[in-house]
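Colleague: Spelled out, the chains give:
There are 2 protein chains.
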Amino acid sequence: MTTESKIKKTQTEVLIIGAGPAGLMTACWLARTGIPFRIIDKRTTDIFAGQADGLQCRTLEIFQSLGFGDRAWKEANHMLEMAFWSPNEDGELARSTIIADTIPGISRFQQCVLHQGHIEKWFNDSINKWSGGKRGVERPLLPLSINVDESKVDDAEAYPVSVLVKNLTKDNERQKQSIPEQFGAKVENGLYRQFDGDQEKFYANLKTDIEEDDTIDKEEFEVIECKYVVGCDGAHSWVRKQMGINMEGETTDFVWGVLDMVPLTDFPDIRKRGAIHSKDSGSIMIIPRENDIVRLYIQLNEIERDPATKNASEFGGGIEDKTAKTKGRVDRSKITPELILKTAQKIFAPFKFEMTDLSWFTGYQIGQRVSPKFTKHSNRVFIAGDACHTHSPKAGQGMNVSMMDTFNLGWKLAYVIKGLASRDILSTYESERIKVARELINFDHKLSRMFSGKPMIPSKDALTKGEGVDMDEFHKAFYKGNVFASGTLVDYSASTLVVKPETTDDVYFESQASNIPIGRRFDTSLVVTHSDARPIQLVDRMLSDGRWRVLNFCGDVTKSAQMEILNKISDFVYAKDSFRIKYTPVNAREDSIFDVLTIYSSKRDSLELFDFPRLAIPQDHKKRRNYWKLHAGIETTLHEGECNAYKKYGIDTEKGCIVVVRPDGYVSMVTDFSLDGYKKISNFFDEFMIPQTKNILPPQSEDDIDRFVKPLFAI
Amino acid sequence: MTTESKIKKTQTEVLIIGAGPAGLMTACWLARTGIPFRIIDKRTTDIFAGQADGLQCRTLEIFQSLGFGDRAWKEANHMLEMAFWSPNEDGELARSTIIADTIPGISRFQQCVLHQGHIEKWFNDSINKWSGGKRGVERPLLPLSINVDESKVDDAEAYPVSVLVKNLTKDNERQKQSIPEQFGAKVENGLYRQFDGDQEKFYANLKTDIEEDDTIDKEEFEVIECKYVVGCDGAHSWVRKQMGINMEGETTDFVWGVLDMVPLTDFPDIRKRGAIHSKDSGSIMIIPRENDIVRLYIQLNEIERDPATKNASEFGGGIEDKTAKTKGRVDRSKITPELILKTAQKIFAPFKFEMTDLSWFTGYQIGQRVSPKFTKHSNRVFIAGDACHTHSPKAGQGMNVSMMDTFNLGWKLAYVIKGLASRDILSTYESERIKVARELINFDHKLSRMFSGKPMIPSKDALTKGEGVDMDEFHKAFYKGNVFASGTLVDYSASTLVVKPETTDDVYFESQASNIPIGRRFDTSLVVTHSDARPIQLVDRMLSDGRWRVLNFCGDVTKSAQMEILNKISDFVYAKDSFRIKYTPVNAREDSIFDVLTIYSSKRDSLELFDFPRLAIPQDHKKRRNYWKLHAGIETTLHEGECNAYKKYGIDTEKGCIVVVRPDGYVSMVTDFSLDGYKKISNFFDEFMIPQTKNILPPQSEDDIDRFVKPLFAI
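Chains as they are written, first to last, in the numbering used here: chain Y, 170 to 884; chain S, 170 to 884.
Next comes chain Y alone, as it looks inside the complex:
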């Protein structure tokens, strides 16, 4: 471009491309931590029907930590049981078993389902709240080119990434394309993908240097300079293409249709999650939804293919896949609600099945693909969500894993951009999330093939075994799958941010807490707040506000030796050379970066508030006491039954331990409850935190003090 550009240039810290769940989660973290960002989307409007709907346990836990878990829990349909139906010994469709949809004890939440549009609304509300109304999705904005100044990628202060975007507001033809067909006169559906195929043609038609082209309206363009780009632009990711990364994986011949409707049926389990294997007509998955809607995933065996696309890969096209050898692409125009319903009726037989109030339909060809790279340009450009991994939707994983990607990335970007942590921590995004993506792909590969395969008819004679998918194995796989699918088993490997042996592939515990797996999410336990006797889930004191948590399980502090340790730790944390002071910005509130919570094992009524040192009952600059850091870990509560955090976490009630939890709720380390333990914690933070020296001007008057002594992350 020429030096006197006619196209406006703007700067922001992070540019998020794509405003689906992955992009919105990124924006939510950045809004919460006070990082300037922009989030753009080429679509004109929000989603109103169809799309993803499953909310897994871990996702609900994170929504709760972001402040809107209650909305999900209230509005979504809860799925409790999963019913399996397959041919009995006489070849007739029969209920073979019922399992728990969410394995009891795995989380305080259970899997539930709700239309994606609601979820996007909660994010938008949250972004609006935390950014003080300053930020929100900008649309329709189409990215055209991305450019990274490689000479500046290591400079934490630089804005090395430039993205040229076009505002489509005035571009009638483009805009028309950016309106999903679901808003048209026909029944809303997911068969149409915006900009498919012709997107590249459009770019080719744009002159390389639009600055020189006087036929173009320069007002419609903008160059956004930023520190980081996060591409959350879906399976056909434009950002991924710009990075020159191809997905790896394969496609199957299994084609499935989806219907969102209200069923009219005498099938008794229509309000339970269900898996039906018919003898010869294929399979169905039932997902009962909010407002009496039911979603059916229906295997379409008889759909016509386009022979010309025999070696092409993706249903709907767009992704290059050299390994694919299929019967060819499905002819999309042949997929109609009537066809899908007809197939469903065959599978449901002898039960009757009709429908009313059809609200959405789509079709897809099963495949599993994962991107070999999630980042490029020295961690300046990232991709996340469907841009990194695509698979079948039946385990309800897509939207969840996508949001988990950017829930992993968001706080790391915030720490680096605020100058709190070194850029090195950004490398853990790819290493942590690519492992999850690969596990997901393997899981889906296995499960979806079992789902699409013909069922084995149980033999009346115990010795012979028929052909096909063994339904007992299928049930077991699903049960195991439901544990995996909950998202609570995600296990990050050893890194700067996770302290455990590098060789460990399996779940790893330290001896001090035999039930706190290092690298996994910190599970909750009920505890009782000392000051007001309120039972509270411990993780509800550990909201996703950008802070690290150091949990002092101080054991039985009615023993003077144990209270002595707590006193020493308090002095250590308040000493001038402590990690707390070193890495907390000068004049920020003392718990801005490290939030220390104390949980004792003693009886609550044997201890008084002022028995405890400063660390457990700190005061702020106005001498206001913080009453919310000290908890009893073992108690019979008045209204909520027993709580025993020490038992749940496998912690010795005498000696205790210390647990360090990352801002995203994953366990970094467990160590002794001792001064020595705190020295290990210091060393841990020394590896990646940046000493803070910046001072904010001292307050001019007593009234001014609130303005100057700020929490680092708005609270």
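Think of the hints as simulated: they come from the structure by calculation, not from any bench. Remember, it's a predicted structure, so these values are computed and weren't measured experimentally. It is possible that part of the hints are untrue.
A pair holds if it fits inside one copy or across any two, identical chains being indistinguishable in the list.
[What the hints assert, rightly or not] Heads up, simulated DSBU-like pairs for lysine-lysine below, C-alpha to C-alpha not over 35 Å straight-line:
1. K772 with K645
2. K243 with K441
3. K772 with K816
4. K515 with K791
5. K817 with K177
6. K175 with K634
7. K824 with K321
8. K303 with K448
9. K441 with K817
10. K290 with K737
11. K849 with K772
12. K792 with K290
13. K772 with K521
14. K448 with K177
15. K751 with K649
16. K791 with K441
17. K623 with K751
18. K298 with K243
19. K441 with K772
20. K503 with K792
21. K339 with K848
22. K848 with K387
23. K243 with K303
24. K728 with K339
25. K521 with K751
Chain S: place on chain Y using the hints.
Modeller: Quick look at chain S alone, frame taken from chain Y:
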């Protein structure tokens, strides 16, 4: 007025005067049931600080039934324990005991506290939602006269009440008076009452016939003709004055101050609800609030009186009370936050007490008063809330009982206005609520005197007993008081709407359900939905949507005799001459008035959905099945422990019973689970329901059917 009035005349079904909690609850019911109404308030703005804050169990249950219980539960501060402090044997302040603030088992909610402004916001949101954005509080509108055409009061179709109102928007002087002082430059406080004293002067100055007065801007006036007026305009109720009703009761010499602030103290129980009796300096009640605020009620022993008002009654004046003989009115200008704080410091001694972030203060003189009448003009004009009863605020009852008044009234007005029930049911408003008000006044009378009295110092010698309030008795009274204060014991007497012996003063049960008190609120139990296995609180299937509930506890229907009864009942309810058809408007959805729920005692997996008759699994006009009416009452749930509704309600698991619950959640009757039982239910409804004959035009086409076959109350 002349026939060609210059003042505009409008009509509405109900005019609500006053938009505090009682008025908003009325509006909420009417919005929910689709009744046209208006709600006016003379104040210019909402409340932002101070005022009432306690939310009792029953109130939270009702909020839940109105759809916003979750907001209260999330935003409010929960109070778990109550700490009592008084002089020990050495006369030093010491913790004497701790009790549960909400008695365990009394409700699924526990008492919590939150600023009144939040509560008013939930109501406004709900009114907006259910009225489709059509209705909301109109302000500042001042009522000037009320006129009832007694010749028309018995005509259900007439609009016999006319209220002349003045819009204060253009009236600068009036409007200034209608802005509470809390929005001024000084600290917000509750000492100022709008229009006190000079209100009557203002009315006197208005010419009797403003139509004739050409100096008056006619545009500012409006005559609202309505069927009913509900006066929710506070302790100094204008509506009550127009009805010519005087409050009855008395005033004490006890003066209390209130502070909302953040405390700086070494008193250890400042985040618990607390009662402190100091030896000589008076008492304090501590109410810990949301956002680290604490409210203190502080006894002011040394406040100056105005001797000229020695025989006047009410602090702040305005209410006539001939029985009062006090030291005289408090000089309001002498009540300052500094004075209140100074007194608090003496009571807290030897603990230190300072404060910061003062957000509100007020002062009041304790008295208990109740109106002898709650209605006049043949149930055309009602008063509710503070207009009917005033007392000390320390039990957190005022706002709660006020809302309960109109929660009792609202659905009755809706039934009468819709022509579903006879006007006779309106008489139960006064009979049911005046009993509650009197109980409340007695309760408060006792408790507030114990609170304000000097404590007895425990003697070291067991034989002698000191003077003053016995603290053990005080603790016991408070414990008992907390049960009463929960609002769950309210017990409506025998009436058209409550079937029990008229002579019964005490709690009454039928033998079929030994734990369902007739006339009290129907308590909840966890049950499991048959169709989707979801555990749900039974009352969450019984939302406040205007419908009666008939609960079929059908016992063990795996026994064919029992299922036979259910089948017969189903036929009875669907028979052409059934009460259901008789009293449900023609072409309204079949469960518009009577919602029948079925709860069996058998094991869930021993029964299939289609084992049950139509009544338990009904279909609508589009053949869509209702999957939410059939429940298992006894089960070990996957994630929520045991549920046993039969045990909780004291119902025989073999035989069952039937329970009829009013639209406001109070138990009308319990009878046998039998056809005979259903005949008794028919007779019950015959007493006050009006047969429906109005027909809506039949649908023109299949697509039209949804438009015509409407639920009676919007769902």
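Colleague: Against this structure, judge whether each hint is valid.
Modeller: Structure-based check of each hint:
In this assembly of identical chains, the alpha carbons of K772 and K645 lie at most 35 Å apart only when taken from different copies (25 Å versus 43 Å within one copy). Taking the shortest alpha-carbon separations for K243 and K441, both the intra-copy value of 18 Å and the inter-copy value of 30 Å come in at or below 35 Å. Both within a single protomer and between protomers do K772 and K816 lie at most 35 Å apart by alpha-carbon distance, with minima of 15 Å and 33 Å respectively. Taking the closest pair of Cα atoms, K515 and K791 come within 35 Å of each other only across two copies (23 Å); inside a single copy the shortest separation is 72 Å, beyond that limit.
Taking the shortest Cα distances, K817 and K177 never come within 35 Å of each other, neither inside one copy (57 Å) nor across copies (70 Å). In this assembly of identical chains, K175 and K634 lie within 35 Å of each other by CA distance neither inside one copy nor across copies; the values are 74 Å within and 93 Å between. Neither within a single protomer nor between protomers do K824 and K321 lie at most 35 Å apart by alpha-carbon distance, with minima of 50 Å and 80 Å respectively. When the C-alpha separation of K303 and K448 is checked against a cutoff of 35 Å, the pair qualifies neither within a copy, at 57 Å, nor between copies, at 55 Å.
Taking the shortest alpha-carbon separations for K441 and K817, both the intra-copy value of 31 Å and the inter-copy value of 28 Å come in at or below 35 Å. In the homo-oligomer, the alpha carbons of K290 and K737 never lie at most 35 Å apart, since the shortest distance is 47 Å inside one protomer and 48 Å across protomers. Taking identical chains as interchangeable, the C-alpha atoms of K849 and K772 lie at most 35 Å apart only when both belong to the same chain, with a minimum of 29 Å there against 55 Å between chains. With identical chains, the CA atoms of K792 and K290 are at most 35 Å apart between copies only, with a shortest distance of 32 Å across copies and 39 Å within one.
Proximity of K772 to K521 under the C-alpha cut-off of 35 Å is restricted to the inter-copy arrangement: shortest distance 27 Å between copies versus 60 Å within a copy. Taking the closest pair of Cα atoms, K448 and K177 never come within 35 Å of each other, the shortest separation being 63 Å inside a single copy and 75 Å across copies. For the homomeric pair K751 and K649, neither the shortest alpha-carbon distance inside one copy (45 Å) nor that between copies (54 Å) is at most 35 Å. Proximity of K791 to K441 under the C-alpha cut-off of 35 Å is restricted to the inter-copy arrangement: shortest distance 22 Å between copies versus 55 Å within a copy.
Taking identical chains as interchangeable, the C-alpha atoms of K623 and K751 are never at most 35 Å apart, the minima being 63 Å within one chain and 54 Å between chains. Taking the shortest alpha-carbon separations for K298 and K243, both the intra-copy value of 20 Å and the inter-copy value of 17 Å come in at or below 35 Å. Taking CA atoms no more than 35 Å apart as the test, K441 paired with K772 passes between copies only; the shortest distance there is 18 Å, against 44 Å inside one copy. When the C-alpha separation of K503 and K792 is checked against a cutoff of 35 Å, the pair qualifies only between copies, where the shortest distance is 29 Å, while the shortest distance within a copy is 71 Å.
Within a single copy, K339 and K848 get their C-alpha atoms no closer than 60 Å, and across copies no closer than 70 Å, so neither meets the 35 Å cut-off. Taking identical chains as interchangeable, the C-alpha atoms of K848 and K387 are never at most 35 Å apart, the minima being 58 Å within one chain and 80 Å between chains. Both within a single protomer and between protomers do K243 and K303 lie at most 35 Å apart by alpha-carbon distance, with minima of 28 Å and 26 Å respectively. Taking CA atoms no more than 35 Å apart as the test, K728 paired with K339 passes in neither setting, with 73 Å inside one copy and 71 Å between copies.
Taking the closest pair of Cα atoms, K521 and K751 come within 35 Å of each other only across two copies (34 Å); inside a single copy the shortest separation is 69 Å, beyond that limit.
Checked against the numbered hints given earlier, this structure breaks hints 5, 6, 7, 8, 10, 14, 15, 17, 21, 22 and 24; the rest are met.
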